[in-house]
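Student: Each chain, written out:
Protein chains: 2
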Amino acid sequence: MATMLDVAKLAGVSVKTVSRVINNEPHVQDALRVRVKTAAKNLGYVPSASARSLRSRRSYQVHLINHATTGTYIHCIQAGALQVCQDGGYQLLVSVMSDHRGDLAEAFKRRFERQLERAKPDGVILVPPFADVDGISRWLTNQDIAVARIGVNTIDNCVVSVLIDEFKAAQDLTSLLVERGHKRIAFIRGSEDQSATEERFRGYASVLEDAGIQFDPDLVIEGDFHFPTGLAAGLRLFEMTDRPTAVFAANDDMAAGVIVAGHKLGLVAPRDFSVVGFDDADIAEMTWPALTTVRQPVLDFGTVATLDLIRSFEEGDGSRVSTRRVLDYELVLRDSVGPPPSTR
Amino acid sequence: MATMLDVAKLAGVSVKTVSRVINNEPHVQDALRVRVKTAAKNLGYVPSASARSLRSRRSYQVHLINHATTGTYIHCIQAGALQVCQDGGYQLLVSVMSDHRGDLAEAFKRRFERQLERAKPDGVILVPPFADVDGISRWLTNQDIAVARIGVNTIDNCVVSVLIDEFKAAQDLTSLLVERGHKRIAFIRGSEDQSATEERFRGYASVLEDAGIQFDPDLVIEGDFHFPTGLAAGLRLFEMTDRPTAVFAANDDMAAGVIVAGHKLGLVAPRDFSVVGFDDADIAEMTWPALTTVRQPVLDFGTVATLDLIRSFEEGDGSRVSTRRVLDYELVLRDSVGPPPSTR
DNA sequence: AAGGGGCCAGACAACGTTGTCAAATCGTAG
DNA sequence: CTACGATTTGACAACGTTGTCTGGCCCCTT
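From first to last, the protein sequence lines are chains A and B. When we follow this note's numbering, the leftmost residue of the first sequence carries the number 7, and every step to the right adds one. When we follow this note's numbering, the leftmost residue of the second sequence carries the number 7, and every step to the right adds one.
Copies of the same chain look alike in the list, so a pair counts if it fits in one copy or across any two.
Here are the computed lysine-lysine pairs in the DSS-like style, where the Cα-Cα straight-line distance is at most 27 angstroms: (1) Lys126 <-> Lys43; (2) Lys22 <-> Lys43; (3) Lys22 <-> Lys47; (4) Lys126 <-> Lys22.
Since the hints were made in silico from the structure, they are not lab data. Note that the structure is a prediction, hence the values are computed from the model and not measured.
Whenever a hint applies, use it, and build me the whole structure from the sequences.
Tutor: Written out as structure tokens, the structure is:
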């Protein structure tokens with residue numbers, strides 16, 4: 007297994023020069039640079055991660071911190087991040103943070119304090135709900151760790167934040183229902199510690215207002231982004247005397263719950279009610295009828311975030327630049343939306 | 007940040023002695039051992055991963071290699087493995103290997119050859135379909151990497167293999183259907199490169215035979231463990247003139263497909279047909295009706311595999327022991343099974 | 001009582017890389 | 001032709017840990 011010394015001997019230079027070339031540092035003549043590079047290639051030289059991180063106090067690792075919720079969302083982000091990491095010679099570590107009784111930021115710190123002490127990653131990728139908490143990002147940034155925040159509309163305390171325009175996407179979905187003639191449209195909220203909940207709700211509410219539809223607070227039900235709350239909300243809505251003709255669930259899992267609630271009461275979408283979800287999770291295709299929803303480019307979330315992250319510590323000119331990257335979403339029209347039953 | 011030297015000074019011993027204590031090496035008096043341990047604790051000492059791996063040529067990393075299929079299964083294994091790794095001072099790396107045209111073992115080698123050259127993990131956790139391929143495990147073992155194989159009934163070329171008794175679980179599910187009075191029971195196979203497919207099929211076939219039910223090859227449909235093939239298989243089965251009254255899908259995603267196929271044709275489980283799945287994935291609770299299935303202790307797969315893996319290189323007495331760990335599964339009875347329609 | 005073997009503790013080097021600093025080289029101007 | 005500054009290169013130490021080796025101690029045997 008070749009070391010820098012081997013490369014240096016072959017190229018007829020000192021190890022330090024090899025180091026400079028490998029790390030793209032300045033102050034090396036082009037001729038030497040080429041010689042070293044070919045020598046390295048011929049020997050199949052790969053830098054030793056442990057040696058360089060021991061000496062340089064950089065870990066060459068990116069840490070992705072997952073919430074306990076398993077799912078396509080996180081998995082796709084992971085896949086995207088991984089690819090970029092591997093191409094760039096970084097390692098991707100994953101953690102799952104599950105139990106967070108009490109303050110999320112405090113729990114986070116407690117959980118990662120020791121971990122970050124030694125195996126300090128160069129960068130951290132945060133997804134909701136961690137991405138939503140300013141305190142977490144600030145803490146990491148203060149530790150001199152680069153942060154990428156996914157799905158949050160802020161560029162504070164991070165190198166990059168990647169997201170879609172949730173507000174507009176929610177408007178599009180709601181418009182879809184309004185255009186089909188729905189007037190009583192319910193909304194099932196997600197977890198309140200994620201800004202997506204409010205963004206989506208605002209999109210929903212704004213379209214109702216523009217359409218001149220009277221906002222009815224009884225039609226807004228609390229939820230937590232999981233199937234059971236969607237089911238419960240659906241049952242509650244459908245048992246109302248003046249039940250809604252359409253339901254906007256803040257994500258697909260809850261929308262699936264609404265569909266099952268309908269089945270339980272003998273109501274079938276899109277005949278008896280319409281429903282839309284959000285995320286285009288796996289489940290969206292597996293319900294009957296299949297869900298109309300919004301697809302987020304989750305894989306791109308992972309790649310874009312990681313690319314910016316790596317760039318930030320490779321350039322490392324100390325200038326802290328924050329970028330916000332708003333990616334395109336896509337409306338996915340399936341079979342869960344129709345006209346309201348009365349107009350049939 | 008405390009180093010070994012700090013601990014040594016505080017405890018009044020040499021660094022080497024500290025090293026011995028930290029690594030649980032012999033030849034240290036108990037009195038000293040205690041003194042060093044309390045000193046380390048007081049200073050909050052954590053060994054430097056890079057320094058120790060640079061010197062000892064061990065990476066203190068465990069590598070989990072995922073298949074492209076996202077899902078609860080892999081995610082739970084990851085969660086289990088992660089917990090054990092963190093407790094033991096190891097890092098968990100993840101990779102996703104997606105494109106594997108042609109021979110799986112060859113593709114695997116190509117993909118990880120360079121990676122393993124430098125950042126060689128101490129151990130690798132393989133899940134299906136990689137766990138099914140002997141060549142992969144053999145190759146890794148030859149590179150002096152400890153291997154854990156999950157979901158495969160073999161102890162070749164690995165430190166530990168963790169699984170449930172798929173055959174027996176499939177028997178239980180099939181018995182359930184037979185006991186309810188079903189005689190025409192279809193089976194939807196999974197991907198043929200995973201041994202689970204055949205195991206589950208064998209369980210199914212053996213119960214039919216024991217019950218004296220004539221085996222009908224037309225009722226066995228190919229699949230690939232994914233929803234679309236389940237849907238297609240369901241449609242094909244339900245359009246038969248003498249359609250089956252029950253369907254055993256080799257996993258839950260395909261079972262969900264069968265349910266949707268039923269809906270499309272106006273057939274509702276468990277009234278018009280019965281269906282069972284396998285895995286107890288998230289989807290199993292989200293279908294209507296909810297799926298009767300088998301739960302694998304997937305989290306335990308991860309923890310058990312990782313524990314054995316770590317033990318193997320901590321003891322490291324060169325003796326290559328292989329253990330097979332057969333964990334308990336659990337029958338999950340939900341709403342998708344009833345008596346055949348004729349007996350109603 | 002002397003010698004030998006087993007156990008324990010420490011001194012020292014080494015792992016492969018990067019940071020620091022000094023030396024060498026080059027170009028340019030006086 | 002010399003002097004000076006800017007640029008390029010290299011020698012050396014250092015990062016924190018573990019492997020090797022040596023020496024001391026104790027206990028047992030002869």
